[in-house]
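Peer 1: Whenever a hint applies, use it, and build me the whole structure from the sequences.
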Amino acid sequence: MAREKKRRPHGRRSPLAAVALIGAGLLITGGVYAGASAAFAGTAQTSVTAQVSVDEGEKLFQANCATCHGLDLQGTPNGPSLYGVGELATEFQVATGRMPLQMQGPQAPQKAPQFTEPQIKSIAAFVQSVAPGPTYPDASVLDGEGDIAHGAELFRINCAMCHNVAAAGGALTEGKWAPSLSNTSGLHIYAAMVTGPQNMPVFSDTNLSTEDKRDIISALLFQQEAVQVGGFTLGSLGPVSEGLFIWIFGIGALVAVTVWITAKSN
Amino acid sequence: MAHDDDSKALDRASQPSPGLAVAVSDPVQNPGLPPHRERMTDRDPKAMKAAVRTVYTLFYLSVAGSIWAVAAYMLFPIESGALIDVRHNNMFIGIGIALALLSIGIGAIHWSKAIMSDKEYIEERHPTRGKDETRAAAVQAFAEANEESGFGRRKMIRNSLIAALVASVVPGITLFRGLAPFNTPENPIAGDPVALLSHTMWKKGMRLARDPDGTPIRAADVQIGNAVHVIPQPLAELGHEEGYLEEKAKAIVLLMRLLPEQLIEDENRKTWSYDGIVAYSKVCTHVGCPVALYEQQTHHLLCPCHQSQFDVTEHAKVIFGPAARPLPQLPIAIDDEGYLVAQSDFTEPVGPSFWERH
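As given, the protein sequences belong to chains A and B, one line each in that order. Counted from 1, the first sequence has number 59 at position 59 by this note's numbering; the numbering is strictly sequential. Counted from 1, the second sequence has number 1224 at position 224 by this note's numbering; the numbering is strictly sequential.
Please keep in mind that the hints were generated in silico from the structure rather than gathered at the bench. Just so you know, these numbers come straight off a predicted model, no measurement behind them. Glycine residues also receive a C-beta, built at the ideal position from the N, C-alpha and C atoms. Do not rely on the hints blindly, as some may be mistaken.
[What the hints assert, rightly or not] Estimated spans, in silico, between C-beta atoms of each pair:
hint : chain 1 : residue 1 : chain 2 : residue 2 : range
1    : A       : Val259    : B       : Met1048   : 21 to 31 Å
2    : B       : Asp1213   : A       : Phe245    : 34 to 44 Å
3    : B       : Arg1129   : A       : Phe249    : 41 to 51 Å
4    : B       : Val1170   : A       : Phe232    : 46 to 56 Å
5    : A       : Gly30     : B       : Ser1353   : 52 to 62 Å
Peer 2: Here it is, written out as structure tokens:
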């Protein structure tokens, strides 16, 4: 300490030099990385054939999926077999970024999808051709024109206990969770109900009919668009976020006012 | 009878009584009041002027807030029925009223802190103990009242008064008891809370139906990984006036289908499931939250209220959390048409512990 103090007046460097140097370094590295990744994304997009084909899908599958799921979709110790999985589940898993999986864990997290839409459709078409399973629904199921009130009732009975009554998601056991549905597309809501990804139960057509599913999707799409009359939703998580807010800001404001009231005037 | 008649009372009150006196070598000294420090407003007339200005500005601001609240009521009416109108109406009226009330409060406090005199004074308290003759007189007054009324002497009057007071409470008890349900011929257990808590509307042969529409469920329609929310079929026809919610709260069931070999079943409960289909009460045995967070890969059921976890593969035994017992299982079978039916009511009371069940 003493030596440092002595050096400062003589040294040419300001004490802020180190901070400035690190800041500049980070800025340059970050800038170069951002520029490079943007350029890479640009080239990736132009090189894509806008055509959905099983052959293209097979190549992508072999390069990106076969390590864990096997070249013949038979599965390996690192990943389940895909027999009977089909295009709907494949599209859901890849388009929401859950697959390819980055690492094993309690649950595959959502992330930015690794492929473009035609590439995803190609992989799904390949899986469907080798291991047929649930297929894409009619466009009418996803149009959001169903009975919203009925859909909301079905959502409250069948879905809300995990996904939260406002579809904001919620915690499950041992690091698993039910995701928020506030940005989920109609197709992915449908796919999740039909295929039951990960720990979600399956809601097959014999339980919730296609018409019921359309109503649920309509209710969720309506909720995504709806104006919140109550002002700030604080994540719609219920008493936890609201309690935290009022304890920090409400009680904080009361403490500040109390201090002001009892302090002597200057 | 004023206390200041006794000029020595104050001195006596500040001394300990002789019997309890303890000599303290270093008693805490009363430091007295700190010297008065003059505020800016006391020293500088300009500061005083500024403070006065602040206070009346705040009060006028309050007036403006009140006027704004009235204006907002007219400017943002709830007329179109759109929810956003409700939001604007609430928000702008609220801002006006909050401004009006907060400005009064802040102005008043600033007034008292910065402008009113802040010199401190000590006002001595008189002793709380009455003089001896006052106390003796009070005792005397009670004794005389007892003597004159004969309350202690005329036992018949006293006892009859006590009887009258006790009896006056009885009508109230009767009325409140009348609010509780009674056994009736239609509902012979309506007045028996233990029986009510021990039974649900499930009966032998009653079909399992989907919540809320009441369509019956065929065993073949329940697939691996399904979780179906189930009510007794007759419940769907029950009106809200006929105890729909009371019955539903007890009878709700979650139906799941696992691979039959995944179930680890007791010998005497092997017949309670059907080909891997199991039905468990949805009412948590801790405090009665609906347990329906089913994980289809781990086969765990999670209660969202206090994180109790139940293992569906082993008769819903508790594997984590505060629940005291496994979830009661509904014994199921299929009827001639392939629909799932109950073999009987639950064999134990559903839901949390109560005074006859621990």
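Peer 1: Hints the structure violates: just list their numbers, smallest first.
Peer 2: none
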